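Model the full structure from these sequences, guided by the hints.
Each chain, letter by letter, is given below.
There are 2 protein chains.
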Amino acid sequence: MNSQDVILGLLHRRPLTGYEIKNTFERPLSFFFDAGFGTIYPTLAKLESLGYILKESVEQDNRPNKNVYAITEAGRARFKAYLESPMEKDTYRSDFLIRLFFAHYQDRETLIEWIREEIAAAEAEYRALQDGMPDWEPQMTRAQLLCAQIGIASSEAKLRVLREGLAEIERSSEP
Amino acid sequence: MNSQDVILGLLHRRPLTGYEIKNTFERPLSFFFDAGFGTIYPTLAKLESLGYILKESVEQDNRPNKNVYAITEAGRARFKAYLESPMEKDTYRSDFLIRLFFAHYQDRETLIEWIREEIAAAEAEYRALQDGMPDWEPQMTRAQLLCAQIGIASSEAKLRVLREGLAEIERSSEP
DNA sequence: AAGGTCATGTAAGTGGTTACATGATTCT
DNA sequence: AGAATCATGTAACCACTTACATGACCTT
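Chains as they are written, first to last, in the numbering used here: chain A, 1 to 175; chain B, 1 to 175.
Simulated from the structure, these hints should not be mistaken for laboratory data.
Quantities reported herein were computed from a predicted structural model and do not represent experimental measurements.
No incorrect hints appear here.
Identical copies carry no separate label here, and so any pair may be met within one copy or between two of them.
Calculated lysine-lysine pairs in the DSBU-like style (CA-CA distance at most 35 Å, straight line):
| id | residue 1 | residue 2 |
| --- | --- | --- |
| 1 | Lys55 | Lys66 |
| 2 | Lys22 | Lys55 |
| 3 | Lys55 | Lys80 |
| 4 | Lys46 | Lys80 |
What follows is the structure in structure tokens.
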């Protein structure tokens, strides 16, 4: 799974510009995949050179011209091949957890700050997901709903453990 | 946060060979960070060239010679600088969630198979964490315990949602 | 006047994966 | 006899990030 596959998936529904693809990544897809312009534009160029998508230049008034990309039959086949390939295992990369792992080389205050920061980040994500749900839900498939529910449930679980852990650390060895 | 930082963190406790570092990544650290030999050896070479670690060749009987790497003062300073740098936000990369997002381009049987696979993977991880805990717990710091608890709680939450979702999908549109 | 939106791209670099290459010893 | 353990490394490649470069229009 890589940006090529995901972009091909997005173009399945309708032709899009690089800029629109970037916006699609904002919400709610961004919770489990993201890409910047520095990835999107080179990837579109590559997909075009491979014959998976076709570029159409569209002139606009009062706006910069845009390149709209549409998926080809070869592109659909490529995407299907991805869906049929063996599933890759999930990876969770967390600077926070690595810091926790080595926290005994730092002072207690820093540890507490890290946990507070992580709680704030998890709360923000949790709220963004919950607040967005009413907007997205009507147009989401059942499987997409599952995606969102997994995100929400994981955030909840993480927050619960983090809050308990923080309370315990704050209680202990305090004057 | 990258392999350099993590390896420097591991060498804080005692000098290690590349092979030992790889083993350390197995359990329990591997749940939130992993690296293969193709990353470890070049990283060790780089860290040495930067003066953060020192190599000592040790001859062994009946075994290949090994290179034991010890952290230097500059290495400790480097690691401290990492711990004091701004915390990076977590990234969760999931082929499974991407597939769920595009599941409507596949048939129902495949969707069910994906979910079953993901449940099996999450169960395996959950069990590995739970089974390992009694062994690791005595030598773990409180912060490391928190790491493990977050992993366990997230797996639980994910499993719960996945099982409910699977049941619902199996119920619906079934003969 | 400042900041946001629409719009596209390149260049250089980082960081990591995969496959290859070797080989003795010990356990089952 | 075969698999696992101990042990180290390189080369080619891939994917992605960051910074740079440009510029008009619209909203506050």
